[in-house]
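The listed protein sequences correspond, in order, to chains B and L. Our numbering applies: residue 1 is where the first sequence begins, and numbers increase by one. Our numbering applies: residue 1 is where the second sequence begins, and numbers increase by one.
Because the hints were derived from the structure by calculation, they are not lab data. Some hints here could point you the wrong way.
[What the hints assert, rightly or not] Here are the simulated lysine-lysine pairs, BS3-like style, with alpha carbons at most 30 angstroms apart: (1) B:K202 with L:K202; (2) L:K3 with B:K202; (3) L:K102 with B:K167.
[Stated by the list, open to error] Computed from the model, here is a short list of chain L residues facing chain B with C-beta under 10 angstroms: (4) P178; (5) T182; (6) F186.
Glycine residues also receive a C-beta, built at the ideal position from the N, C-alpha and C atoms.
Protein chains: 2
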Amino acid sequence: MEKIKLITPRIGQMPWEEKPDNIVNAPIWRYSQNPIIKRNPIRNVARVFNSAVMYYGKDNTPFIGVFRGEGVNGWPYIYLGRSNDGLNWEFDEKGIQFVNKKGEPDNPHCPFDPRLLKIEDTYYIIWCHINHGSSVGMASTKDFKTFTRLDDPFLPHNRNAVLFPRKINGRYIMMSRPSDTTHTRFGDMFISESPDLEFWGKHRFMMGTTDQWWEDLKIGGGPAPIETSEGWLVFYHGVQHTCSGFVYNVGGVILDIDDPSIVKYRSKSFLFPPEEWYETTGIVPNVCFPCAAVCDPETGRIAIYYGAADTFVAVAFTQVDEIVAYIKEQS
Amino acid sequence: MEKIKLITPRIGQMPWEEKPDNIVNAPIWRYSQNPIIKRNPIRNVARVFNSAVMYYGKDNTPFIGVFRGEGVNGWPYIYLGRSNDGLNWEFDEKGIQFVNKKGEPDNPHCPFDPRLLKIEDTYYIIWCHINHGSSVGMASTKDFKTFTRLDDPFLPHNRNAVLFPRKINGRYIMMSRPSDTTHTRFGDMFISESPDLEFWGKHRFMMGTTDQWWEDLKIGGGPAPIETSEGWLVFYHGVQHTCSGFVYNVGGVILDIDDPSIVKYRSKSFLFPPEEWYETTGIVPNVCFPCAAVCDPETGRIAIYYGAADTFVAVAFTQVDEIVAYIKEQS
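Bound conformation, chain B alone:
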């Protein structure tokens, strides 16, 4: 098998479990102790799901994350969490308090589905919130103490946006999924560029739905793209419309490293669908919604963090060689 390199920052430790012997036809295997975040994990928060984590390695905090918490009043908000091993998490009881550039309180309305990544020396949280429609929200932090909001990069209606973890040709790159006002029944993924994270343009189509049933209704970005020697590895969700509701599956593509609007390989098969009880049972059954990946460049190990059934957070594992080979083979 061709050796693929992860071109990602070195990390101090890696959440990991070896592939079980009984997983033979799938490139991804679930953590045996899933879900890692169960119901009622924070006071006044009924469920945590669709959340993003990363290796931090500072302030006695190996792993840090931003978590979508659904309050007992039904409203979503973003909570900060810390972990020693990336699998067992402790949360701040109060949601993240955002400020504007003047330092004044500036909290988004109903933020949900946060993503998290680092570019150069700054961490960025990107979410969706209600700002005259579903709109992409952003904030930056250098210390996970002060979270400063940036202007929404796009007009509504848009969801599932995430930045690439480095500039390409001197520009920040964001992928996103234009949407509508409701449980959107369409959706393709686009790439946009910015010189400064303030003004955006050069919008280009990246990839759309296909005639594969598991992703024929809409698709949307997940974790920040993962740089590999084969191109940008992107995990995303693909949605099937059944007679009883939507089913969210996990798909994978590899994008050109210099022009990520070019899809080099795209797996015709999903990487994994909802199967386990925590994915098929919950407030929204049959949802696997990937939001983050922790990668270890020394071993090629990847841990995918995904929301399960809009109720839990779960983890699945793969190896970069194995997943890239699978995506190419199924392309």
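Given the coordinates of chain B, assemble chain L onto it according to the supplied hints.
Just chain L now, kept in the frame of chain B:
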């Protein structure tokens, strides 16, 4: 009545007809010879509607315009037209041929509903086309011979975009109406800023639908905003959803001159609804869709050009004093 000034470029002549004596309760009156563009006006073009004109005054061409022509094959395209009086129009038989920045052919797919305006020494055409969904398209020209496309300013799905006719605080300003993939059943108007017409940001909500039936489904921009001593005068369309389809009425607002996201006055009443045979009868009955205004700062006269029933182009007249007073009174 307070004297309001039009702060618009001087023009050499003005299409005009005095207000008839029988129009007593309305601030706007229709041209007696409407529609000014009838069916089959161009070879192989069945209908021209939703089109924009302006005073030009060069090349023996007093008035120039960009026209949505619906081919006999059903596809829309943009045609160039010229007029001596702003009321009688002649058209190029072939649609406008657009090029990219390298001068290579670069025609949009299905462009429709063009707007037209001048900023400094450059003319801009802005339309909606199909680019992986309804998307705003743009081109610039200095001579109406070479039309050079710019990148689409926003992600899909978006319609009814138009630039302001001058920069505000050093930035280009665009209003637009985020949409969806179909005959959109929602829609508010937003303002965006750009330093260079290439990258856009600072998106702000401008105005939304109201509980007035004539505009309770969606709204969308029309002519380029008109600068007056009272603020930016904006004519727009407001859509009512009846049991038999949509009805497009013409509304009016006045925006703050320095921050056009601030609506100073908004008429609760429409300025005019579909009433005449050419507005109520056609391929889409009951549509008045304003796309342009010709203004004479010396007399305060305004001619509004609007598409009628997706079939014709018609003209209506008003005076800046009268229309501003009406919008303020009905606000």
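A quick look at each hint next to the structure:
Between the alpha carbons of K202 of chain B and K202 of chain L the distance comes to roughly 16 angstroms, so the proposed pair stays at or under 30 angstroms and holds. Of the supplied pair hints, the one linking K3 of chain L and K202 of chain B is violated, its CA atoms being roughly 44 angstroms apart against a limit of 30 angstroms. Between K102 of chain L and K167 of chain B, the direct Cα distance comes to roughly 26 angstroms. Compliance with the 30 angstroms bound is thereby established for this hinted pair. With a least beta-carbon distance of about 5 angstroms to chain B, the hint placing P178 of chain L at the interface is held under the 10 angstroms criterion.
Because the beta carbon of T182 of chain L sits about 9 angstroms from the nearest beta carbon in chain B, less than 10 angstroms, this interface hint is met. Hint on F186 of chain L holds. Least Cβ distance to chain B is approximately 5 angstroms, under the 10 angstroms limit.
Consistency with the previously given hints fails for number 2 only.
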